[in-house]
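In case it helps, the working numbering puts the sequence shown at residues 8 to 255.
Hints may be right or wrong, so weigh each one.
[Stated by the list, open to error] List time: in silico DSS-like cross-link candidates among lysine-lysine, alpha-carbon distance up to 30 angstroms:
no., residue 1, residue 2
1, Lys128, Lys246
2, Lys96, Lys204
3, Lys128, Lys205
[Unchecked claim] The calculated label-pair distances, taken between Cβ atoms and stated as ranges, are:
no., residue 1, residue 2, range
4, Asp238, Asp182, 41 to 49 angstroms
5, Lys103, Thr241, 46 to 54 angstroms
6, Met90, Asp179, 15 to 23 angstroms
7, Pro208, Ser168, 22 to 30 angstroms
8, Asn198, Lys148, 46 to 54 angstroms
9, Asp253, Pro86, 37 to 45 angstroms
10, Phe104, Lys79, 40 to 48 angstroms
The hints are simulated quantities; they were obtained by calculation from the structure and are not laboratory data. The C-beta atom is built at its ideal place from N, Cα and C for all residues, glycine as well.
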Amino acid sequence: MQKLILIILFAFIGLTPSNAQFGKLLDKAKDSKIVKKAKELTGDEGNLDISGGLKEALEKGIDEAVTSLSEKDGYLESPYKIMLPEEAKTVVDKLKFVPGFNNTEEKLIQKMNEAAEFAAKEATPIFVDAIKNMSFDDAKKILFGEEDAATRYLDNSARNSLYDAFLPVIQDALDQVNARSYWTTVVEKYNTLPFVKKVNPQLDDHVNDNALNGLFGLIEVKEKGIREDIDQRTSPLLKDVFGQLDNK
8 MQKLILIILF AFIGLTPSNA QFGKLLDKAK DSKIVKKAKE LTGDEGNLDI
58 SGGLKEALEK GIDEAVTSLS EKDGYLESPY KIMLPEEAKT VVDKLKFVPG
108 FNNTEEKLIQ KMNEAAEFAA KEATPIFVDA IKNMSFDDAK KILFGEEDAA
158 TRYLDNSARN SLYDAFLPVI QDALDQVNAR SYWTTVVEKY NTLPFVKKVN
208 PQLDDHVNDN ALNGLFGLIE VKEKGIREDI DQRTSPLLKD VFGQLDNK
């Protein structure tokens, strides 16, 4: 049972900008607290197959999450598309009939989602840390928990660190796609209109929050799929582990 609990942890998650970088992170993860604890409990290092099993399970998550969201239009053409915050929507609605600003909303949405694509690549080391810090009790709860138990654990343990890591990337990315300068121009124009309350809504936090929501949303979909769909268990290791769960 201990072996199953360990392996299941890594089947639910996995985000990385490249398989090469991820391999290095996995090598570092071999000496993590949970791996050491599992060795103590099982007394059988070989059966744990940490190098192969961990990498195989995580790479499945990689293909579904980071590759999807970090590619061109990965957010924009997904269910996790980032829309304008409400205050910004008010601004662009007022400017629709001002020459030169009629397609402001479309431009801003495009730029915000491009920024989120850049940030998605930053998640890998933070999720690896979350795995390393997972206790054995956490593992048991995840294994036999709700269909989103792993996602909720990661959300609770990693979101703050992800937020801090994402924010400067989001800010730089917004600058790279000229979103912040364009937004400044839009707000300045809006504030010259008669009878409107002057505003200065910030895009950074809004894009950051929604970029993270998209990542966790896709992880949840992946987790549910592995739990429920035999066809998504694409290796003997995953089939063995989740086959046991089918009969719990």
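30 angstroms Cα cutoff - pair lysine 128, lysine 205: Measuring from Cα to Cα gives roughly 36 angstroms; hence the hint is violated.
Status of the given 40 to 48 angstroms range, CB of lysine 79 versus CB of phenylalanine 104: violated (32 angstroms)
Outcome for the supplied range 41 to 49 angstroms, where the beta carbon pair is aspartate 238 and aspartate 182: Given about 43 angstroms between the Cβ atoms, the range holds.
Distance restraint between lysine 96 and lysine 204, which requires alpha-carbon spacing of 30 angstroms or less: holds (14 angstroms)
Assessment of proposed distance window 46 to 54 angstroms (beta carbons of lysine 103, threonine 241): At 48 angstroms between Cβs, range holds.
Cβ separation of methionine 90 and aspartate 179, checked against the hinted range 15 to 23 angstroms: Between methionine 90 and aspartate 179, where Cβ atoms are some 22 angstroms apart, the hint holds.
Range hint compliance [Cβ, aspartate 253 to proline 86, 37 to 45 angstroms]: violated (28 angstroms)
Outcome of range test on Cβ distance (asparagine 198, lysine 148; 46 to 54 angstroms): At 51 angstroms between Cβs, range holds.
Verdict for proline 208, serine 168 (Cβ pair) under range 22 to 30 angstroms: holds (26 angstroms)
Lysine 128 paired with lysine 246 [C-alpha distance capped at 30 angstroms]: Roughly 29 angstroms between the alpha carbons, so the hint for lysine 128 and lysine 246 holds.
Checked against the numbered hints listed earlier, the structure breaks hints 3, 9, 10; every other hint is satisfied.
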